[in-house]
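Dock chain C against the given chain R, drawing on the hints supplied.
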Amino acid sequence: MDCKQAWNLMMKSFDKEISKLHENELNTHINECGSCKAMFDKLTETFVFMETSIGQAPADIEKRVMTKLNSVKQKKDFLMPYVIFNLIVFGVIVVSWLDNILKIGIFTFAKDVFDKLVAAYNTSVAIFATYRNFFNTYFIRPTINIAIIAGIIYGFLSIASFLQKIRRRYVS
Amino acid sequence: MEDIVLIKKCLNGQKDAYEFLVTKYKNLVYSIALNTLTNKSDAADVTQEVFLKAWANLSSYNPEFTFKTWIARITVNHCINLNYKSRRMTAWDDEEMEKITTDEDDPEKAALDTERRNDIRNAIDSLPEKYRIIVQLYHQHSLSYEEICNVTGYPMSIVKNRLYRARKMLAQKLTTYSQKAVNKGEEAWIANKPGI
Chain R
1 MDCKQAWNLM
11 MKSFDKEISK
21 LHENELNTHI
31 NECGSCKAMF
41 DKLTETFVFM
51 ETSIGQAPAD
61 IEKRVMTKLN
71 SVKQKKDFLM
81 PYVIFNLIVF
91 GVIVVSWLDN
101 ILKIGIFTFA
111 KDVFDKLVAA
121 YNTSVAIFAT
131 YRNFFNTYFI
141 RPTINIAIIA
151 GIIYGFLSIA
161 SFLQKIRRRY
171 VS
Chain C
1 MEDIVLIKKC
11 LNGQKDAYEF
21 LVTKYKNLVY
31 SIALNTLTNK
41 SDAADVTQEV
51 FLKAWANLSS
61 YNPEFTFKTW
71 IARITVNHCI
81 NLNYKSRRMT
91 AWDDEEMEKI
101 TTDEDDPEKA
111 ALDTERRNDI
121 RNAIDSLPEK
131 YRIIVQLYHQ
141 HSLSYEEICN
151 VTGYPMSIVK
161 NRLYRARKML
171 AQKLTTYSQK
181 AVNKGEEAWI
191 ANKPGI
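Those protein sequence lines, which keep their order, are chains R and C. Just so we're aligned: 42 in this note's numbering is position 42 of the first sequence, and the numbers increase by one with no gaps anywhere. Just so we're aligned: 98 in this note's numbering is position 98 of the second sequence, and the numbers increase by one with no gaps anywhere.
Watch out, some of these pointers could steer you wrong.
[To be verified] List time: in silico DSBU-like cross-link candidates among lysine-lysine, alpha-carbon distance up to 30 Å:
hint, chain 1, residue 1, chain 2, residue 2
1, C, Lys168, R, Lys20
2, R, Lys68, C, Lys24
3, R, Lys68, C, Lys40
4, C, Lys160, C, Lys130
5, C, Lys160, R, Lys37
6, C, Lys40, C, Lys68
7, R, Lys37, C, Lys180
8, C, Lys68, R, Lys63
9, C, Lys160, R, Lys12
By construction, these hints were calculated from the structure, which means they are not laboratory data.
Chain R extracted, bound-state conformation (with noise of 0.2 Å):
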């Protein structure tokens, strides 16, 4: 066995994948070959060493984790949908009071407002009939036609072109 060889079976046997005989094998080529040897033995030093070198956690995470959660969800709990409800409520009574008072007319305006984004939608959609109608009358419909059309003259032909093939054949 050669060293590139048993780098493989090192490999192997440090994904814990390596056959019996395999390991046999690669014990005897480690104890013929120093570098070899040397190269496996401070690889599994490493490894055992990184195996028992893992970190132990601050033992108030869980504390520290919990808190926090826990001041999460009272934030959620401020902004639950009801509360949002009521707001919009409570600014409408506010807007109206105002209006009352100050003469304003924002429920006119913005009754107004609504009233002109309707129409400009409905004369949008107008528009759009009518293009639409136009490009169906002066696009659609004449390419349609002229397909047709040349259609009828391609086919006319090609069934004169073949009967003229069937009259040099016979004829001749």
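Coordinates of chain C only, in the frame set by chain R:
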């Protein structure tokens, strides 16, 4: 109690169940963080952040994978993101190292052990991050190849290839260190030898 049972309890709003999961996996998370970050305080903060992140995303946990793999994946991604923001050197748990290296009976042997272990630490630290993470997940945290694929998101061929290369790099580094140590020893011997 099985992890999946604890997770279901958590999803039903039983926060106490999460504390069991934190206790079970805190050393894994802390250890991965410690291997990637600069000091113990940062690693503790990251451990806390990872568990909070996991809690926030618990509803998206896929029971096809183990919780161990899932939490390890969150930790690795979190640490890589932190490292991209600021390049850091890795840290080791010095108290744990002290426990391993202390040999009260033979101070000279203890000093040599410490030196060898420092060489090992340096060799591991000198690996590029993409290799170091895989070698640590496999040899330090005992994750299988399949689990490493799930943690890192790499296909099996890449994981195997990187672990192979990482071991080769480690072997080369350690050989270089030991050669340097031999040369240093020879120089010291020559310097101390009378008449030379």
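> So which hints don't hold here, by number, going up?
Replying inline: As far as the earlier hints go, not one is violated by this structure.
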